[in-house]
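Protein chains in written order, with this note's numbering: chain L, 1 to 692; chain P, 693 to 1021.
Since the hints were made in silico from the structure, they are not lab data.
Since the structure is predicted, the reported quantities are computational estimates derived from the model, not experimental observations.
By construction, the Cβ of each residue, glycine as well, lies at the ideal position given by its N, Cα and C atoms.
Hints should not be assumed to be uniformly reliable.
[Claimed, not checked] Okay, derived cross-link-like pairs now, DSS-like style, lysine-lysine, Cα gap no bigger than 30 Å in a straight line:
1. P/Lys981 x P/Lys711
2. L/Lys105 x P/Lys804
3. L/Lys434 x L/Lys419
4. L/Lys380 x L/Lys649
5. P/Lys830 x L/Lys105
6. L/Lys129 x L/Lys78
[As the list claims (entries may be wrong)] DEER-style ranges, computed between Cβ atoms:
7. L/Pro63 x P/Pro942: 49 to 59 Å
8. P/Leu715 x L/Arg495: 33 to 43 Å
9. P/Ala725 x L/Ser450: 50 to 60 Å
10. L/Asp363 x P/Pro942: 31 to 41 Å
11. P/Ala725 x L/Val425: 33 to 43 Å
12. L/Gly21 x P/Ile854: 53 to 63 Å
13. L/Pro618 x P/Ser706: 41 to 51 Å
14. L/Arg85 x P/Ile882: 37 to 47 Å
15. P/Arg926 x L/Ser32: 31 to 41 Å
16. L/Leu83 x P/Gly800: 56 to 66 Å
17. L/Asp363 x P/Val767: 36 to 46 Å
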Amino acid sequence: MNGNAENVLELDDLSVAYRVGGTDRLVLRNVSLRIGRGEAYGLVGESGCGKSTAALSVVRYLPRNGSVAGGHVRLDGKDIMGLDREELRRVRAEDLSMVYQDPAKALNPSIPIGRQLAEVFEIGGASAKEARSRAYEMLEKVQISDPARVMGGYPHQLSGGMQQRVGIAMALASDPKMLILDEPTTGLDATVEAEVLDLIGHLRREFSISILFISHNLAVVSRVCDRVGVLYAGMLVEEGPTDRVFRNPRHPYTVALLRCLPGGGRRKSSGGLDTIPGFLPGLGAIGEGCAFADRCGLATERCRTERPPLHDLDGQMSRCHFHDRAQSLPHTTRHAPDESREPPAPRRPVLRVQGLNKTYGRDRAGGGVAAVKDLSLELKAGQTLGLVGESGSGKTTFARTLLGLIEPDEGGRIELDGKELAERVGDRSFEQTKSLQIIFQNPDSALNRSHSVRGLIGRALRQLGGLRGAAMDRRLKELAGSVRLTDHHLSVSPRQLSGGLKQRVAIARAFAGDPSVVVCDEPTSALDVSVQAAILNLLVELQSERDVSYIFISHDLGVVRYLSDNVLVLYLGRVMEYGPSEEVFSGPHHPYTEALLSAASDIGDAEDGRIRLEGEIPSAAAPPSGCAFHTRCPRRIGSICDELDPPLKEAQSGHAIRCHIPADELAALQVQRPSTLSRPVSAERRDDNGRP
Amino acid sequence: MRGRRTPARVIVISAFILKRLALSLVTLVLLSAIVFCVGQVLPGSVGRLLLGPFADHEAVEALNASLGLDRPLLVQYADWIWGFLRGDMGRSYMYEAPVQPFIVEALGNSLKLAAVAFVIVVPTAILGGVVAALNHNKPIDRIISIGGLTMTVLPEFVTGIILILVFGVWLKWLPISAAWPDGAGGFTQIHYLILPAMPLILVLFGYIARMARSGMIEALESDWTRTAVLKGLRWRTVIWRHVLRNALLPTITVIATQTGYLIGGLVVVETLFRYQGIGLLVFTAAKGKDIPMLLAGILVIGIVYTLATLIADLLCAVFDPRIRLGGRQ
């Protein structure tokens, strides 16, 4: 489709600057790209590379301190920058629409949804009544099941997925020529993400619309877009047809980004993940050479002095002097499976949970919301248990119960190192408290901004490690060293650190008391992939050094698979499947696990034969009868599922599935999906230490 | 165009209102108990207080008995509350007359003064805050913000005296006393109240304008405002329909809490302008150890405060469906 001469959107040599501290700093540098009619173009890159700035300059909604420093944005040949206020309003009303990252914030909280949607038709000149009926139709088009109820409701009454559907309906209501999607599925569950992406793909054909799709998630982009552009430090470093760029990247940055992903069935035992050393250059701080040179294993003197032009490689563009050998970028970590590290010695169990229940708002009649139901598990020293499930499945409640932050119902039992744990953290012994620590999802809010990093870690060492004076200083240095924080990092406040460094501080804090179990609650989901890779490597290293066990909560199945020895799948607080990681991932799976795997985006997956869960996770206040999953189960066999809750049955030794369908039948139903198991890029790996 | 009024929604909303009413009632009961206790712990027996230090012991006891002060505390409290509910607030020791007419007159006066101040300050302060936010960091914003803050920190007796000097003494535009002649009509009363209201307006303007400004700035920078703008709505529509109702929610609460101050906290202004409001009444009662008057005055101020908060809560619920309807359905 990119052969179409008629471009809907053209960025022509666009540069955008932000004014910081009195000087203008360029965040976009001479970016040129074209999007044809009906084409979907993906713009990818890590945070801070200028993706959102590009989107906001297209709609001319730059922050107060932002300005266009040069170049043009043309929509259907019209220069957006030259429009006056009224013309710009008309363009926004008729030709351009945007779907935003956080749908909960992008909808007005105090106006009924029907009203917010109808408004778009009213701008187009429809009468109030007509606008209302068209709003209704629009909600039907985005597959909202009860439009009448949603019309009268408010955003906070809808789930994230439904809110994003409303957002999409609103964007498409004006029948625009150009749709900008700014991280539209970030923050949504994988199952919901899959549905939203399906919907976008479907509507795109129906409305024959051009799309600018902005995302940090390469896999998501690979599923939606025809062409893709990779941004680094405000510059387009690679561009081309999606499958070519991802299968045969010609810029080292793209190569490195793809290698950071723990996809393709990789495991921690087969070696660490590749990372991208160093940091993104600061705002506007690029020298004369290639912006990526400082972090590139292929860089030569030429790269540091001469900025590479965009080389046109037969439709694929690369801004690299050495585009022909981009894929020979040296690996940053060893890949050879380290057999010697796999210890055959029997491991002792450190954590044992038996029959744990947590019911919120319990009354005497036995009512209430069962957030965790009859959960039992065992965690061995030095092992990782992955906890997966959609939001609302009880993952966080379980973690909090374990930590003693909320009290479970009577009857359950938690044992740490063979001793029973009191229900509340205040009743636990000091030993037990420091042995059980947590790393939170968002290090921003988990670290006190008014202390220095040294103060934060030092306090943890005093509290948990009982250390004082010189002994504490020594331990502090050692601990900081093991999470790769330098002296400079110790002296600053957390707000001066990047997300990845902050998470390192949080990890150091958790390890201050030499814990035996650390709960990791989505520790990398707010981080860029290269930073995620580094954090995962760190966690694996700390585990092998200290024999610590993790309970790793994540919605990213690739990450869970990489890190976990055992996996537990939760649905509505119930254990649906439990077993060794490899067996859970290779199958036979519980139908719910199967659906989660199917929803997960991996680069190069086949689009057909995907299983989709319909509707949303039911309310835990009124769980379905029989098997909790039967209302959404694609493999429901009959009334037995609605009536009888199946027991957890062993499929293989240690691998249990809660399903009426026998394991061998499940295995027969679930034909292997080979495409997820091998990643295209890894096949191209040639020269592991081939520095030019 | 309105959201459907489903029965479930009506139930949610009425449950919300009932809950708020019940909470207000609990507040009032607690308040009355505290006020009553305050009356009890004040030193000296009432009989002694009234009869003076040289009266003999029997006479004091007899007076206490006739006032019912020798009964158990709980009975006295019940009696007091029951009387209060019927409009009998007891007898003033100082005036040797029923308390109730004094309270009613003083409360009426206070309400008039508060109403004049309120009607002027609320619209102007909100307008000021909104204008400041729309011109964020421009000169007009600076003038409004800094000017408002300056006025807020000046005490009422300073601004009051300056205002009296300027408008009452030099320009002679406004009467310097708030006490209007007997039988004055509504307009004359307002004429007399403008000058006393001015210091209050100056104090409150900065406060309310600042809340309105920050709420407005936050709303203007929100994602949903961006959505509204990028929908292609006219700027005016964005402001009126999308921004204002969300922006002014915190302001409503602030205004409500300031209403209590406007009714009960005006001792200085009332003294300065010789105006018999409830603040001055309570102050005089406290000085004269006129306990029935004091208790009744405090309780009435408390009731006004509670009512103002209740109204603010309900207003917030009108504007914010998240408060009105609770969490997800």
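Evaluation of the provided hints:
1. P/Lys981 x P/Lys711: violated (38 Å)
2. L/Lys105 x P/Lys804: violated (43 Å)
3. L/Lys434 x L/Lys419: holds (14 Å)
4. L/Lys380 x L/Lys649: holds (22 Å)
5. P/Lys830 x L/Lys105: holds (28 Å)
6. L/Lys129 x L/Lys78: violated (33 Å)
7. L/Pro63 x P/Pro942: 49 to 59 Å: violated (24 Å)
8. P/Leu715 x L/Arg495: 33 to 43 Å: holds (39 Å)
9. P/Ala725 x L/Ser450: 50 to 60 Å: The hint (50 to 60 Å, Cβ to Cβ) is violated, given that P/Ala725 and L/Ser450 are roughly 41 Å apart.
10. L/Asp363 x P/Pro942: 31 to 41 Å: holds (36 Å)
11. P/Ala725 x L/Val425: 33 to 43 Å: This hint holds: roughly 37 Å between Cβ atoms.
12. L/Gly21 x P/Ile854: 53 to 63 Å: Violated, since L/Gly21 and P/Ile854 (Cβ atoms, about 43 Å apart) do not stay within the stated range.
13. L/Pro618 x P/Ser706: 41 to 51 Å: Check failed, 28 Å falls outside 41 to 51 Å.
14. L/Arg85 x P/Ile882: 37 to 47 Å: holds (44 Å)
15. P/Arg926 x L/Ser32: 31 to 41 Å: Holds - the Cβ-Cβ distance for P/Arg926 and L/Ser32, about 33 Å, lies within 31 to 41 Å.
16. L/Leu83 x P/Gly800: 56 to 66 Å: holds (60 Å)
17. L/Asp363 x P/Val767: 36 to 46 Å: holds (39 Å)
Of the numbered hints stated above, those contradicted by the structure are hints 1, 2, 6, 7, 9, 12 and 13, listed in ascending order.
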